[in-house]
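Could you put the whole structure together from the sequences, leaning on the hints where they help?
For reference, each letter of the sequence shown is one residue, going 0 to 515 in numbering that gives the first Met the number 0.
Just so you know, these hints were derived from the structure itself, not from any lab.
Glycine residues also receive a C-beta, built at the ideal position from the N, C-alpha and C atoms.
Each hint should be verified, as a subset may be incorrect.
[Unchecked claim] Each pair of labels, with its calculated beta carbon distance range:
id : residue 1 : residue 2 : range
1  : K82       : V216      : 23 to 29 angstroms
2  : V159      : V215      : 20 to 26 angstroms
3  : G310      : Y173      : 25 to 31 angstroms
4  : G226      : V93       : 31 to 37 angstroms
5  : S439      : Y173      : 44 to 50 angstroms
6  : T198      : F327      : 27 to 33 angstroms
7  : K224      : E37       : 48 to 54 angstroms
8  : V219      : W178      : 30 to 36 angstroms
9  : V334      : K224      : 17 to 23 angstroms
10 : L97       : T28       : 34 to 40 angstroms
11 : W178      : R33       : 35 to 41 angstroms
12 : A499      : K82       : 37 to 43 angstroms
13 : A499      : L218      : 47 to 53 angstroms
14 : V422      : P476      : 40 to 46 angstroms
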Amino acid sequence: MTATAPPPAEPDPVTSHPDGRVELPPGVTLDDNRFGNEDLRPVPVAERRWTTYNFTALWVGMAHNIPSWTLASGLVALGMDWKQAVFTIAVANVVVLLPMLLTGHAGPKYGIPFPVLARASFGLRGANLPALIRAAVACAWFGIQTWIGGQGIYVLLGKVVGGGWERAGEIAGYPWTLWLCFLVFWVLELAIIYRGMETLRRFENWAAPFVLVGAVVLLVWIADKAGGFGSLLDQPSRLGWGSDFWPVFFPALMGMIGFWSTLSLNIPDFTRFGAGQRAQVWGQTLGLPTTMTAFALLSVFVTSGSEAVYGEPIWDPVALAGKADNVFGLLFALVTVLIATVSVNIAANVVSPAYDLANLAPKFITFRTGALITGIVGVLIFPWKLTSTPELYIFTWLGVVGGLLGTVAGVLIADYWIIRRTVLDLADLYRPKGRYWYASGWNWRAVVAFVVGGVLAVGGSASQPGKGPFPKEGLIPFLRPLADYGWAVGLGASLVLYTALMLPVGARRTKGTPTP
Numbered sequence: 000m001t002a003t004a005p006p007p008a009e010p011d012p013v014t015s016h017p018d019g020r021v022e023l024p025p026g027v028t029l030d031d032n033r034f035g036n037e038d039l040r041p042v043p044v045a046e047r048r049w050t051t052y053n054f055t056a057l058w059v060g061m062a063h064n065i066p067s068w069t070l071a072s073g074l075v076a077l078g079m080d081w082k083q084a085v086f087t088i089a090v091a092n093v094v095v096l097l098p099m100l101l102t103g104h105a106g107p108k109y110g111i112p113f114p115v116l117a118r119a120s121f122g123l124r125g126a127n128l129p130a131l132i133r134a135a136v137a138c139a140w141f142g143i144q145t146w147i148g149g150q151g152i153y154v155l156l157g158k159v160v161g162g163g164w165e166r167a168g169e170i171a172g173y174p175w176t177l178w179l180c181f182l183v184f185w186v187l188e189l190a191i192i193y194r195g196m197e198t199l200r201r202f203e204n205w206a207a208p209f210v211l212v213g214a215v216v217l218l219v220w221i222a223d224k225a226g227g228f229g230s231l232l233d234q235p236s237r238l239g240w241g242s243d244f245w246p247v248f249f250p251a252l253m254g255m256i257g258f259w260s261t262l263s264l265n266i267p268d269f270t271r272f273g274a275g276q277r278a279q280v281w282g283q284t285l286g287l288p289t290t291m292t293a294f295a296l297l298s299v300f301v302t303s304g305s306e307a308v309y310g311e312p313i314w315d316p317v318a319l320a321g322k323a324d325n326v327f328g329l330l331f332a333l334v335t336v337l338i339a340t341v342s343v344n345i346a347a348n349v350v351s352p353a354y355d356l357a358n359l360a361p362k363f364i365t366f367r368t369g370a371l372i373t374g375i376v377g378v379l380i381f382p383w384k385l386t387s388t389p390e391l392y393i394f395t396w397l398g399v400v401g402g403l404l405g406t407v408a409g410v411l412i413a414d415y416w417i418i419r420r421t422v423l424d425l426a427d428l429y430r431p432k433g434r435y436w437y438a439s440g441w442n443w444r445a446v447v448a449f450v451v452g453g454v455l456a457v458g459g460s461a462s463q464p465g466k467g468p469f470p471k472e473g474l475i476p477f478l479r480p481l482a483d484y485g486w487a488v489g490l491g492a493s494l495v496l497y498t499a500l501m502l503p504v505g506a507r508r509t510k511g512t513p514t515p
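Written as structure tokens, this is what we have:
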């Protein structure tokens, strides 16, 4: 590869604030529209005003949704009892919080989104590799959440309207009324995010407590009808705590980590608006593991109550809410489901790909254009197939996604914390031929670390016959034992390999020699 000119010995001057936040000084312009636009440029310190409450509300709003409600049910279906399921979910969210805080650090400090942070390790052009992988995952999640939200609206409206709502003529195998709910829900989501991040902040501030109240109301309602909780809380584990439990626990743990592994990468998209490190650290710590664990407990108690009332456990909150016997209850459930799903979908699955796609071609794609592209791709995917069985959802979808995104997280964490010690040249992140240009805009070391980590993480992916797309013995049979620990393997392998490859680069830079 052709060597670049020696990078400058010191970063360009920046304005540093007492709390550690950094911004470009007046007069410094980022005028190369190939690598920046108004949505990708650093957020000025004056506009970084998200507080601890804002970040906590963001996580409460994102965690309280239908898929996270049913996570415990998937684990129970795999043989765990409710205590093991809640324990697995709690451990996963404590584990995933650490990379969330590490990658989130660059947001308040520099005001940059995830794809710009990735330029420091992958190069100005190479950053499109992890950004587009993350965008593809987010588009799939957007489709999943929008379809689930549309189904919820369809079911609850059917209870309110009655008549031929559920017997309407079919289009592509589904009633046209379901497609109408899906379309209306899709438009609503994009209309909110189209107004920008400040609108999202305000929406999350009131959506989070509303959804929490809705979940508690559901618990009170079912407890009143049940006169106590059902036998589900007394059901023993089919796995026990011995040799049968751990082979299920570890892949399930990686799957639960995979549920939020997407946000562990692109959390700078939100923390870049933070009023400081304390706000993002406390906001995420209070918001993520506590909320997800409490929500899992809530889902278990409500489902157990449904078993006492209806003779069988009803894990789907929409199906359970549909059994309300008055119009007000149905409408309240409808609004709660709508707000809960919009809250998580626009925050977790539209913001990130909007920035990622803008990073691909800043001159032509703005944040709003990226959001629209995300919405279109989400419609073109068939997401309902991914949630058809617990095995496919937890082991295949969440496991593989977690493995790949853990690999990217390993590179980002190694670069930002070990190689650069959190010191970035802010202007060079937007400037070709600078210290992050490497070879034609690509850092081959990051690509090698990603590929090797990714192969180790997901190369052994396997499925039971008829329950997934992989061969029973694994794609690469000798890597099969690693597949159960995909996220951890990917993160650890890429972190170690990237660090080893980059250490000689750091030594050459101190001597002013070219960086290939």
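Structure-based check of all given hints:
Our hint of 23 to 29 angstroms for K82 and V216 holds, since their Cβ atoms are close to 25 angstroms apart. For V159 and V215, the hinted distance range of 20 to 26 angstroms is satisfied, since their beta carbons lie about 22 angstroms from each other. Under the hint 25 to 31 angstroms, the C-beta atoms of G310 and Y173, about 29 angstroms apart, fit the expected range. At roughly 35 angstroms, the beta carbons of G226 and V93 sit within the given window of 31 to 37 angstroms.
Between S439 and Y173 the beta carbon distance is about 48 angstroms. The supplied range of 44 to 50 angstroms therefore holds. About 29 angstroms separates the C-beta atoms of T198 and F327, a value consistent with the hinted range of 27 to 33 angstroms. A hinted range of 48 to 54 angstroms for the beta carbons of K224 and E37 is consistent with their spacing of about 53 angstroms. The given range of 30 to 36 angstroms is respected by V219 and W178, whose C-beta atoms sit roughly 34 angstroms from each other.
The hinted window of 17 to 23 angstroms between V334 and K224 holds, with their beta carbons roughly 21 angstroms apart. For the pair L97 and T28, the beta carbons lie near 37 angstroms from each other, so the given range of 34 to 40 angstroms is met. In this structure the supplied range 35 to 41 angstroms holds for W178 paired with R33, their Cβ-Cβ distance being about 40 angstroms. Under the hint 37 to 43 angstroms, the C-beta atoms of A499 and K82, about 42 angstroms apart, fit the expected range.
At roughly 51 angstroms, the beta carbons of A499 and L218 sit within the given window of 47 to 53 angstroms. For V422 and P476, the Cβ-Cβ distance of about 44 angstroms falls inside the hinted range of 40 to 46 angstroms, so the restraint holds.
No hint from the list above goes unmet by this structure.
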